[in-house]
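Same order as they appear, the protein sequences are chains U and C. Quick note on numbering: the working numbering labels position 237 of the first sequence as 237, and the sequence is numbered without any gaps. Quick note on numbering: the working numbering labels position 40 of the second sequence as 40, and the sequence is numbered without any gaps.
Everything labelled a hint here was simulated from the structure, so no lab data went into it. This one's a predicted model, so the numbers in the text were calculated from it and none came from an experiment. For each residue, glycine too, the CB sits at the ideal point set by N, CA and C. Heads up, some of the hints might be wrong.
[Unchecked claim] Cross-link-like lysine to any residue pairs, in silico, SDA-like; alpha carbons within 25 Å at most: (1) Lys128/U - Lys256/U; (2) Lys226/C - Leu205/C; (3) Lys287/U - Val24/C; (4) Lys256/U - Lys226/C; (5) Lys226/C - Thr68/U; (6) Lys226/C - Arg283/U; (7) Lys226/C - Lys287/U.
[Claimed, not checked] If you want the footprint, here are the derived chain C segments under chain U, 3+ residues with CB under 8 Å: (8) 20 to 29; (9) 36 to 45; (10) 48 to 62; (11) 195 to 208.
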Amino acid sequence: MAPTESPPLPPIAGEEGLGGVGGLTTPVRLYLAVAQRSFRRHLAYRAATLAGLFTNAVFGVLIASVFTALYRSRATEGGGERIAGFDVAEMLVFVWVGQSLIMVLHLWGWWDVAQAVRSGDIVSDLMKPFDFYAYWLSRDLGRAACHVLVRFVPTMALGMLLTDLALPRSPLRWVAFAVSVLLGLLVAFAFRFMVNVSAFWLLDVRGVGYLAYSAVNFLSGFLIPLTFFPPWLRGIAEALPFRAMVMLPAEILLAKRPVAAALGVQLLWAVALTLLARAVLNRAIRKLTVQGG
Amino acid sequence: MTRETALWRRLIGARARGQVAYPVSFLLQLFSTSLLFFVELAVVALMFRQVDRLGGWRLAEVAFLYGLSAVAIGVALCLGSGLVAFPDQIRQGGFDQVLTRPASAFVQVLAADLRLDRLGRVLNGLIVFGYALVVLDVEWTAGRLLYLPVVVVSAAVVFGALFVLEATLCFWTTQGLEVVNAFTFGGATLSQYPLHLFDGWLRRLFLFAIPVGLVIYAPSLYLLDKHDPLGLPGWLRFTAPLVSALFAAVAGSLWRVGVRHYRSTGS
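Please construct the entire structure, taking both the sequences and the accompanying hints into account.
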């Protein structure tokens, strides 16, 4: 369903020189600067943003139509108004939250670290005086902040324009949702980072990529809410971290769950996966053999 | 024409052998792309746990559309690999070399890449298609039996022509445009469901501008003997070959305009 083959972003000159200011910058300021640059860099891709919004709009309307038809068919068969715990209005929110979060979480097609491994740039990156994981996380946070602005907000607006999307009005719920998305991003980033780092062991990460993103699509709730699953499958999905990416934020926005408990689950996964990703990175560095040199 | 065909077969043959040279990696890739496919199919099955019919269609009937659409776009993606990779060729100046050689530019572009792993989609589509045909009790009249392969080829041609249009656009933009994904993969996704589930501009777009609906949904109404809630004229069910030929002709002439318009990127 998703275009998985997007071209890599070209590098911007000057990004290499960060943090070389004679040790004057504190780590936090360094990572802030990295995030800021990443934010501005992604802001520059105007044509790609418009194209992406168009694609989101088409797929959003498409998926919303299928779910709307599902509710209509259910009504003709004499079924209830709720399917898998959602009424049709809530399902539309679910669909458009999913479409809007694609680029914020960067659910698919992120290969920056794998490319650095392949090209050998990783060696000079590892020698620089910053924490490798924190550096990439800062870049990703900057990118995500940009995508909240240019992808999340407009896609939601398109949803309201093109379908009967009605968003919750309670500001508190939006605050909880924002925190939830941030935690979801930490989980998504740690997962993506690990998939990328597998390039240390495998020369072609494409196969792993497909497996990883099938899991994300299906188990995060992006394609369909996990409440549609039969009990055994739902049990599996709820024991895995993927639901922290789309399902839990959407459920928080729709007030389907106690907020504190849901955020707690996300926080646990964020911490666990971050530690795991860093451990995998350390293993990889010890194993590092530079391709072609 | 025969010379071009022979050239294409030699170039493609060489690429195919190159890929099968690493069978393990090839099979792994087939497996992982298949997983993505069946995950999406599972979503349809999950919806049918809630209803017996979706817009009046049973699961097996939707599976028929799903299989048909997957086989068609799979064939187009595999044989059109060179077209899909065309943005890179243009950007890197590779098209300059193509023009200097005494052979059809189109054949050379087409043969510039071959991704055999995309046959996985065809294989998956055939599995789902087979399931649908076994489960459904279609009355296989001579007409249906003869029309079925025509429909498969027509749908593949329409998707192929879409990739030609996508590549043609690069003559002007000199880069790949993500917008086209909305038409190609959007069209592929939409054609997996009965067209009457969609309304307004989306339906008209994929019926008349990009005739995916005319080569998959409309013929399926005849093949599966379904009632048409849209009330399209009955003869539209039989226009698949004509529509695909026309669409391919339009794409072909635009391609030729594009080649004439081509200015090297100079890199």
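Hint check results:
1. Lys128/U - Lys256/U: violated, 45 Å
2. Lys226/C - Leu205/C: holds, 22 Å
3. Lys287/U - Val24/C: Holds: Lys287/U and Val24/C sit about 24 Å apart, inside 25 Å.
4. Lys256/U - Lys226/C: violated, 39 Å
5. Lys226/C - Thr68/U: Holds - the C-alpha atoms of Thr68/U and Lys226/C are around 21 Å apart, at most 25 Å.
6. Lys226/C - Arg283/U: violated, 59 Å
7. Lys226/C - Lys287/U: violated, 60 Å
8. 20 to 29: Holds, because 3 residues of the stretch 20 to 29 of chain C bring their Cβ atoms closer than 8 Å to Cβ atoms of chain U.
9. 36 to 45: holds (count 5)
10. 48 to 62: holds (count 8)
11. 195 to 208: With 4 residues close enough to chain U, the hint holds.
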